[in-house]
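S.K.: Listed below are the residues making up each chain.
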Amino acid sequence: MKIIKKNLIYCGIICVLGIGISVAGVYMEDDLLKSIGIAFIIVSLLKIAQLFILTRNDERRRKYELSMTEERIKYIASKSSSFVFYITVFCEVMAALILLIFGHAFAAGIVCYVAGAQVVLYLVLYIIFSRKY
Amino acid sequence: MENNIAELRKERKITQEELAAAVSVTRQTIISIESGRYTASLPLAFKIAEFFEKSIEDIFVPGKTDNETTKNREDIK
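As given, the protein sequences belong to chains A and B, one line each in that order.
When we follow our numbering, the leftmost residue of the first sequence carries the number 1, and every step to the right adds one.
When we follow our numbering, the leftmost residue of the second sequence carries the number 1, and every step to the right adds one.
Check the hints yourself; a few may be wrong.
[Claimed, not checked] Calculated pairs, BS3-like style, for lysine-lysine (alpha carbon to alpha carbon, straight line, at most 27 angstroms):
1. A:K6 x B:K10
2. A:K2 x B:K47
3. A:K132 x B:K47
[Stated by the list, open to error] Computed far set for chain B versus chain A, every beta-carbon distance over 12 angstroms:
4. E2
5. I5
6. E18
7. S55
8. E57
9. F60
Read the hints as simulated data drawn from the structure, not as lab findings.
The beta carbon of each residue, even a glycine, is placed where N, CA and C say it ideally should be.
The task is simple: from the sequences and hints, build the whole structure.
M.R.: Pasting the structure below:
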């Protein structure tokens, strides 16, 4: 139940954020902002509905909570995120090179700074975690 | 890491779903452990051993890959 409550809070925050973006879109007369806001609202409301349905069925709730906390799922999630990190950094470096080739040195520089910041952050976290564990 | 969970389960006529519920994991995790695609963590290994009333060594045995790894490590030394 704790996980479902936590997810409900997250979805509520996303819904409020969506409302905020939509309202900003209406005031600024920006269709893109409005669409993004509406998408946020729809997704969060659907998730909230799913979570409410789960609270009414004990077996489904148990399975859902298990799937959120189970060690294999965590392992897969951690492995996926580490792969995403490597792929992202690689793509950023490639994008920076392509931008440099086409003469967009400023944009290439920004992309390189982002990639560099990610690697530095990784190293800092690695040092912190290696001390902790 | 090899294991004989499937044999023990069949011996005691326990389904993957029942074992999964008993050790608080999903059935998919039991399938992955049994097939050797996923190695259970130490707490989970203890839970499984406790469920079958056996010691961890009776259920989990270092597989070929682990032996090869050990051999490689020794070669490096």
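S.K.: Hint by hint, note whether the structure agrees.
M.R.: Hints, one by one, checked against the model:
1. Restraint check for A:K6 and B:K10: not satisfied, since their Cα atoms lie roughly 39 angstroms apart, outside the 27 angstroms limit.
2. At roughly 23 angstroms between alpha-carbon atoms, A:K2 and B:K47 fall within 27 angstroms of each other, so this suggested pair holds.
3. The hinted pair formed by A:K132 and B:K47 meets the criterion: a straight-line CA distance of about 26 angstroms does not exceed 27 angstroms.
4. Here B:E2 stays apart from chain A, with its beta-carbon at least about 18 angstroms from theirs, past the 12 angstroms limit.
5. At the 12 angstroms boundary, the C-beta of B:I5 stays outside the reach of chain A, the nearest C-beta of that chain being 14 angstroms off.
6. Interface exclusion of B:E18 from chain A stands, the closest Cβ pair being 14 angstroms apart, more than 12 angstroms.
7. With a least CB separation of 21 angstroms from chain A, B:S55 remains clear of the 12 angstroms interface cut-off, as annotated.
8. With 12 angstroms as the threshold on Cβ separation, the claim that B:E57 sits away from chain A holds: the shortest Cβ distance comes to roughly 21 angstroms.
9. With a minimum CB-CB distance of about 15 angstroms to chain A, B:F60 clears the 12 angstroms threshold, and the non-interface call stands.
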